[in-house]
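Trainee: Sequence:
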Amino acid sequence: MKNFNRIAVVLFCFLAIRCTPEPLDIDLPQAESKLVISSQVIPGSLMIVTVSRSMDAKGFNVDNDDLSQDVLNQLLVDSGIVTISYNGLTDTLFRIPGTPGVFVSLSTPRILNTNYNLYVKDYNTGMSVTSSAYMLPQVPLDTAYAKIDKSGLFSTTKVTYSFNDPQGEDNWYMVNIYAQRDSNSTSGGVDLNENENVLKETIVLSDKNFSSSTITASRTVTEWEQDTVFVSISNISEGYYNYLNARLRSGNLFSSITREPVNHPTNVIGGYGFFTTHIPSVRVVKVD
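Quick note on this note's numbering: the sequence shown kicks off at 68 and runs consecutively.
Only true hints are included.
Here are the simulated distance ranges between beta carbons:
hint	residue 1	residue 2	range
1	Glu305	Asn243	17 to 25 Å
2	Thr227	Ser195	43 to 51 Å
3	Gln141	Gly337	15 to 23 Å
4	Thr159	Thr281	41 to 49 Å
Keep in mind the hints are simulated off the structure, nothing from the lab.
We treat Cβ as the ideally placed atom computed from N, Cα and C, and that holds for glycine.
I would like the entire structure built from these sequences, with the hints used as guidance.
Mentor: This is the structure:
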């Protein structure tokens, strides 16, 4: 009986292999290029909008370091107009010199419970997109601290933070932990955008999973040996929460930028990405 079972298993595997169809070469049409939007509000009146173009990933291989500066120049929009309108006013953002794709406003105020409308046009391609976001109230960090442990094979840093979740409403949060990779940087502080010179850990939370209004949580990161970290929390919309969940599953900026983000939630009309106007609460934390 045992021999029969072995023979049956071998026969099943043989038939499964024989029945597997030969791979077919499928020539899929290249997806239409569209503008990709991301945004960030820095404490104060600084608003940043990053504009890039989607690109067919079949043309290069990220694993083989094909994401060269030439490719990035094709992706990042270096000539265009970006405006943000609110309460009957319109601010025109300026592009940071030497940094294609990044548009900044130094004067856009943070007005709670207000709609902000985005308009973007790429002069090189003629493509344009619009979007809208609602400025939600800030939820402040109550405490944040970090402790490093160098006793193991790899050093670990445990970052703990706490905040109060407003009751009687549904809320979603983005928590970011940052550290400057180069301690000798002269940038004047940590860059809160995605940047290869910045260590970054992102956590998204829904208060549907909370059992109390007082939330204390922690995240442990490996081989962060900086003496200072930055911890921020933002009260975000459900749509942005869903977008971030999809982004976190698809990898970091430099891997996801080369894939058509058609499966990601978006609030950008005519394009991809997400426009948001959340207000972060940031703490500078000395690592013990």
